[in-house]
Amino acid sequence: MKKPFFCAALCAMLLIGAAPAALSADGSASSKEILDHVDDLFRGESSYGTFSMRVVTEHYSREMKMEGWSRGKDYSLIRILAPKKEKGTATLKAGKDIWNYLPKIRRVIKVPSSMMGGSWMGSHFTNDDLVKESRMADDYDHEVTFRGDREGVRVIDLTLMPKPLAAVVWGKVVVTVMEKDFMPVGVDYFDEDMIMTRTMAYSDPKRLGGRTLPVRMRIAPTDKPGEYTEILYHEIEFDLDLSEDIFTLRNLQK
Amino acid sequence: MTLRIAWRNLWRNWKRTAITFAAVSFSTAVLVASYALMIGWTQVMEKSVTDLSVGEVQVHHPDYRSERSLYDTVENPEMVLEAAAARRIPASARSFGFGLLSSGSKSAGGQFWGVLPEAERAVSDLAANLLEGDYLGPSPQRRVVLGRKLARSLGAAVGTELVVVVQAADGSLGNDIYTVAGILKGVGESLDRSLALIHRQDYEELFVFPGKVHEIVLNTRGAMDPELAAAAILPAAGTNEVITWRRLLPTLAQMFDSMIASVLIFGAIFLLAAGVGVLNTMLMATFERIPEFGLVKAIGASPWRILREISTEAVILGFFGSVAGGAAGVLIALRFERHPLDLTMFVEELNFMGIAVTNEVPFALTPACVWGPVLAMWAASVLAALWPAVRAARMKPVEALTHV
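Chains A and B, in that order, give the protein sequences.
Heads up: the first sequence runs through residues 2 to 255, numbered per this note's numbering.
Heads up: the second sequence runs through residues 1448 to 1851, numbered per this note's numbering.
So here's chain A without its partners, still in its complex pose (with noise of 0.2 Å):
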């Protein structure tokens, strides 16, 4: 696991697992509770989605509207919507398998294990964000180290560091959720070193898709000031009856 929220967060659609498990709010929760909360939050057994993905980086940036379908852990399809230079350019998730599908050229190409590390569409996330994920509770040993006032606002910062054997790249992962109903507030992502080296910021809730979410989240790279990706959910369905055909290399070209 990469960036577990990424696929967590860019896409709903992207992601797996059963509705969000329904807590209990009076501060009794277990930190493998709020785990699974942040986790699930954004999953459903399929979704359907628009959003918009905004990047700033040194030399670029860029803003794309984009939807999006997801069905399962194993499926997911995104298509990018504007700037009209782009329309067109798709994206399909099946399992660990990524293809991209280009217009301009009528092409569908697989993206190869060499580049999976690349960034996808010119953003901060790397295609294999897109294919890794898994649930943060399995493979982290968790605590909660801090509860409290911050700026004003009671939170918990749950502290997660790698268990022996879990194939992660993070030394420790930093999550910071509202003490009132465990709202993902921010992540932060330790190297090996333990020096920070992105971070991950979620704000404006709001009530999508009959779950209340924050709709806005932004990762930043520590090592690259005034640099990110924020993307912006504008629509959210859950739990929808998907064909599997949506999820084929034919539909991609559509």
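Incorrect hints may have been included.
According to the in silico footprint, chain A covers these stretches of chain B (three or more CB under 8 Å from chain A) [what the hints assert, rightly or not]:
1. 1606–1614
2. 1621–1634
In the DSS-like style, the derived pairs of lysine-lysine whose C-alpha atoms are separated by at most 27 Å in a straight line are [as the list claims (entries may be wrong)]:
3. B/K1553 to A/K97
4. A/K85 to A/K255
5. A/K85 to A/K66
6. A/K207 to A/K181
7. A/K111 to B/K1553
8. B/K1553 to B/K1632
9. B/K1553 to A/K255
10. B/K1553 to B/K1462
11. A/K105 to B/K1553
12. A/K225 to A/K173
13. A/K85 to A/K74
14. B/K1596 to A/K111
15. A/K164 to A/K33
16. A/K173 to A/K33
17. A/K255 to A/K86
Sample of chain A residues facing chain B (criterion: CB under 10 Å; computed from the structure) [what the hints assert, rightly or not]:
18. V56
19. K97
20. N101
Simulated from the structure, these hints should not be mistaken for laboratory data.
All C-beta atoms in this analysis are idealised placements derived from N, C-alpha and C, irrespective of residue type, glycine included.
The hints should help you fit chain B onto chain A, whose structure is shown.
For chain B alone, kept in the frame of chain A given last:
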């Protein structure tokens, strides 16, 4: 008088003279030819490095070589190119970028080089190293010349259509279909594996990166000292880094320097070996004549006269021997200067620290290759004669007469 006697003496036993002459001239010829070969070899190695793709001088953004970032481009490339043109230094601007090439189900990463084909041809020999197909044409046609191993891993041949996908400079997914124009011969490991040479304008469209250049390569092909060429464009280079191939590839440059040193050492050893050969022949020839010298001395010749005659003989013999040998060596060297020595029969493909070296080694005849061995062999033959001459001159006639 001495000269005439010496000359006559030489002809008295013409077989002995011929053998000595042959030894001196053969050694000299071998020395001249092998010096020309060694110098030619080092020159070929250096040229292989600079002419194949590296050039003699390169200009980059100061961070480019360490970061290899798409965005570290040469500042004001036009000014550098103009400065080079003003000094008639051939120059080519290159734009680089990484991307994915695929053909059917096969795909591989490649390093794209966006170049103006004619300018690139002037500074590098890539165009002359085509295994099959053609070089890029003068106009952008979405054609690509591939490194050999890259073509192999894509299963691509001339005419194959390749899907090309790159991370463009504006963050978008640059993509297009390119046709394979040509495939290069082995030109060095990294280029073989990754080079995808395309037209500059095609590059600019593919990478959405108009007017950006990562490297300017200058190559006078030996007409100008790289340091001078670098100095010539330095005022126009601004903040860019200007670097000669010697500083760019210091290990390689040091290798060449040490090769030149070893050429000198080998040269000295060859000289010594040939000198000893000549020494031996002269020595034997002179010792053989000790009884004769005894006789001359018995009828009243002074030691000094004997010494003078013998050394005059050696001077004459050595002179003709080494000059004739030098001439023969020059002929051999010129033959291979015109028609380079082809090493294909020994090695299929020469690769020197990842850079392909031509199999054809032309000899390089420098004046030092000729006069060095000629003078040295001449001196060796005279010296070789002196010692027995001194001995003969100092001997008592009776002993000399009975000397065997």
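* Kindly indicate which numbered hints from before are broken by the structure, ordering the numbers from low to high. => 10, 13 and 19
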